[in-house]
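Peer 1: Based on the sequences and whatever the hints tell you, model everything.
6 protein chains.
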Amino acid sequence: MGLVIMPERAETLILLETNLDDMPAEWLGPLLDQLLAAGALDAWFAPIQMKKNRPAVQLSVLCPPRQAAELRALIFAHTSTLGIRERTVLRYSLPRRTETVDTRFGSIRMKLAEYAPGRWKAAPEFEDCLAAARAAGVSLAEVYAAALAAWERGECENSDGKPESR
Amino acid sequence: MGLVIMPERAETLILLETNLDDMPAEWLGPLLDQLLAAGALDAWFAPIQMKKNRPAVQLSVLCPPRQAAELRALIFAHTSTLGIRERTVLRYSLPRRTETVDTRFGSIRMKLAEYAPGRWKAAPEFEDCLAAARAAGVSLAEVYAAALAAWERGECENSDGKPESR
Amino acid sequence: MGLVIMPERAETLILLETNLDDMPAEWLGPLLDQLLAAGALDAWFAPIQMKKNRPAVQLSVLCPPRQAAELRALIFAHTSTLGIRERTVLRYSLPRRTETVDTRFGSIRMKLAEYAPGRWKAAPEFEDCLAAARAAGVSLAEVYAAALAAWERGECENSDGKPESR
Amino acid sequence: MGLVIMPERAETLILLETNLDDMPAEWLGPLLDQLLAAGALDAWFAPIQMKKNRPAVQLSVLCPPRQAAELRALIFAHTSTLGIRERTVLRYSLPRRTETVDTRFGSIRMKLAEYAPGRWKAAPEFEDCLAAARAAGVSLAEVYAAALAAWERGECENSDGKPESR
Amino acid sequence: MGLVIMPERAETLILLETNLDDMPAEWLGPLLDQLLAAGALDAWFAPIQMKKNRPAVQLSVLCPPRQAAELRALIFAHTSTLGIRERTVLRYSLPRRTETVDTRFGSIRMKLAEYAPGRWKAAPEFEDCLAAARAAGVSLAEVYAAALAAWERGECENSDGKPESR
Amino acid sequence: MGLVIMPERAETLILLETNLDDMPAEWLGPLLDQLLAAGALDAWFAPIQMKKNRPAVQLSVLCPPRQAAELRALIFAHTSTLGIRERTVLRYSLPRRTETVDTRFGSIRMKLAEYAPGRWKAAPEFEDCLAAARAAGVSLAEVYAAALAAWERGECENSDGKPESR
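Protein chains in written order, with the numbering used here: chain A, 57 to 222; chain B, 57 to 222; chain C, 57 to 222; chain D, 57 to 222; chain E, 57 to 222; chain F, 57 to 222.
Rather than coming from a laboratory, the hints here were simulated on the basis of the structure.
Quick reminder that beta carbons are idealized off the backbone N, C-alpha and C, glycines included.
One or more hints might be untrue.
Below, computed lysine-lysine pairings styled on PhoX-like, alpha-carbon distance capped at 20 Å [stated by the list, open to error]:
(1) A/108 with B/108
(2) F/107 with D/108
(3) A/167 with F/167
(4) E/108 with F/108
(5) E/107 with C/108
(6) C/108 with B/167
(7) A/167 with F/107
(8) D/107 with C/167
Counterexamples of contact, computed for chain F against chain B with all Cβ distances above 10 Å [to be verified]:
(9) 71
(10) 82
(11) 97
(12) 107
(13) 125
(14) 126
(15) 145
(16) 186
(17) 196
Peer 2: Laid out in structure tokens, this is it:
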């Protein structure tokens, strides 16, 4: 694409990881929400295979450095783990803004991110689409398509039809 | 959604499955394409964990009954397996047709499927989008959005703006 | 264990499966709850690897035969799939009952299942434990341990301390 | 490969499956060996994602029909599950025999399977290779390579150098 | 939970990682035990999907810095890999001790870890439970429940019934 | 194995990671090849489970530090992600060379890597084997076995039959 590289914003974050092989999956269910409520930027599971034929789970938690101690305490309190691995990562983020488009399913916010100088990518806001889809009794796909189409139309008007200007 | 149920088309297919723990992943790479070229309707891998701590792979192959013997022969010849499980499945499919939309990236075919009486879902054809994205030096997301927008516009014209009619 | 085999209850169910490689994970999030609300007995995802290097997802849905057509319609309406595989399975279930135990975190229901003649296995009810853990500000592990301990105590009283009688 | 299709041997087997989300991975570790010791032909785990954000495990067990009731009893006794899905599969197997080759690491059995009329595939016996590798303090790869080379040499002698005859 | 944060113990460890796509799963089986025997603190596999449609495996090994060179040598000798990624992690651990409880299945050690000042979490020792379950011909679940119940009883006696004191 | 540790070569590389839950798998298919073409040393997917019940994918990309900015730009342009995690890893590599062996399927290159002083491990070059297997209409396994056997023979001649000298 002959990409012109953006001066992205970078920040130092903490990534916490732990392997869980001695607690039931059913206790893990509420954990991601608890971690996000306590200040984690993201949290996720990955399937792993540990010693002694154990099909286990790796928990990963991304957070600002100032939240790390509290999130470690929460992981220690709510999981069976006796050890948490911690490392520092740089996170690069794109400049963002939000716009709203009108669709036949109502207003939907679009998340816009500048991935190259003057070029923006757009994605409909999930929660807006979910609410609209439920209200109208249609699928998420229909609402997304309507939102993308509305945004495309607006873009073309604003940009005199020049795709390069996005 | 108060769904009215479609009279879908159903056909009897064969699903072949085998567990692979004694051949390298690198030999598995070309296998899916070989199976598809030999008449499989679909073929995929899933990660599994077998006895003796082995992180292995399950191969699944979907095919018409008349292709099953040849595909079993191909699996036996090209993998390490000594046994293949076979079972019959019913596959329900939606009525389909293809339409073409014009976008600023060129013509893109849309796959249309009638998921409820008179209601169609639409998806841009992957290979068309890939070719257009490469030609224009843009992302797949941009081409998909343009195709969906073009299709939405056409729909609205054809249907007098009634979303119910799709 | 020299198991005496139980006369289990068996019923015929339908298992629906489909591979999803052309819709975002974010649309899949609400799907399991939708399927369960519409009469599925269970629904789950598994990671698969499809042709053309696609890291995709297999959806599985277990349901009574009378729900199958409606659940297929829901899957067709809310996912990108054009085909759903269906097969019949026998499901064997254990005789069950529920009892309640008193713990320092309040009453907790125990799910009891007779896995061999006269032998019952017990598991605390997840939703009761979650509510109790949140109310008391403790971990799920603490509530489960308290419930299991309360149930063990009761068992020992009822059974004159004979573990064989459970 | 212009494959001539073998008259494979087919037999009817039972496939048992259950989803496990309320027991720790550590209890699952010994399960595969227990199942194999009790007559299962194969048993394996697959990572799945269940309702309520639970990263869970699917257990699959393949067995002859006459073993199914006992294996269900074992699964019910040793896991938390309350329901087991059962279905019938056909398993196609290749004709097999075993030969022994001499290597600088000692004798190694080769598993031979006739995958097309007159064409055999060969694989060193894992347990023989493991024992030889440990005795010699070398890697499994070295023992496998030596065994394959010994078998290739013997094949060439026996077959007057004609690869087609294998 | 209004957690009071523990002054955990932190130590610097090494995490080794490598992607394996050109060796059979069957050779990977003995690897975790070999690594643990050679001084690894933990070792595990994760399913990954590599270029050219290869369903492969990532090996991770956690170890003290002084063991890293020897473990890299072992990985290079026993796997097909040509490159190993290494990074430093901090591992936070909880203060621990072991206690023993008496159950109707015999003595079982409990692993205790102080996850907040004055609050301990307890887990039965897996190997003790496995031995007891096999000796008594019962499931792991029964032994765990008995051990947790015994520990709960002792706790209540020691602590005058105050759950806060654990 | 009483391993003598090699003075491996170590270099500092960058590992980029991002979680993808809002783009279809079908857009991910071409991504690995694009990343490798743009200078990535390796790139792979892993299945993860994110908040809100989303079965998602983690993308990992390994590259030299000078390529990191361009690869981040490519990931931002071609995926839906708004943030990329970056960290530094040391990569240890073995000394390598290539040799060619003659087989009944033609010449095959062997990748040789010195994993301990004076000890080399050998693996047939995948692309050579694939081309030879297709030309001869045989399986990859047959070509690998022929290549390993040819290399073993040459080794034995060169080394006076001493396995220690490899």
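Peer 1: Determine for every hint whether it applies to the structure shown.
Peer 2: Each hint tested on the structure:
Of the supplied pair hints, the one linking residue 108 of chain A and residue 108 of chain B holds, its CA atoms being roughly 8 Å apart against a limit of 20 Å. As the CA atoms of residue 107 of chain F and residue 108 of chain D are separated by approximately 10 Å, the hinted pair is consistent with the 20 Å bound. With a C-alpha separation of about 48 Å, the suggested pairing of residue 167 of chain A with residue 167 of chain F is violated against the 20 Å cut-off. For the hint pairing residue 108 of chain E with residue 108 of chain F, the CA-to-CA distance comes to about 31 Å; that exceeds 20 Å, so the pair is violated.
With a C-alpha separation of about 10 Å, the suggested pair residue 107 of chain E and residue 108 of chain C falls inside the 20 Å cut-off, and the hint holds. Between residue 108 of chain C and residue 167 of chain B, the direct Cα distance comes to roughly 19 Å. Compliance with the 20 Å bound is thereby established for this hinted pair. Taken as a hint, the residue 167 of chain A and residue 107 of chain F pair is honoured in the structure, with Cα atoms around 19 Å apart against an allowance of 20 Å. At roughly 19 Å between alpha-carbon atoms, residue 107 of chain D and residue 167 of chain C fall within 20 Å of each other, so this suggested pair holds.
With a least CB separation of 21 Å from chain B, residue 71 of chain F remains clear of the 10 Å interface cut-off, as annotated. Non-interface call for residue 82 of chain F relative to chain B: violated, since the shortest CB-CB distance, roughly 5 Å, does not exceed 10 Å. With a least CB separation of 17 Å from chain B, residue 97 of chain F remains clear of the 10 Å interface cut-off, as annotated. With a closest Cβ-Cβ approach of about 22 Å to chain B, residue 107 of chain F is found to remain outside the 10 Å limit, as its non-interface label requires.
For residue 125 of chain F, the non-interface assignment is confirmed: its Cβ lies about 18 Å from the closest Cβ of chain B, beyond the 10 Å cut-off. Against chain B, the non-interface label of residue 126 of chain F holds: every CB pair exceeds 10 Å, the least being about 15 Å. With a least CB separation of 22 Å from chain B, residue 145 of chain F remains clear of the 10 Å interface cut-off, as annotated. Not every beta carbon of chain B lies more than 10 Å from that of residue 186 of chain F, the smallest distance being close to 6 Å; the non-interface claim is violated.
A cut-off of 10 Å between C-beta atoms contradicts the statement that residue 196 of chain F is not in contact with chain B; the least separation is 5 Å.
Checked against the numbered hints above, the structure breaks hints 3, 4, 10, 16, 17 and satisfies the rest.
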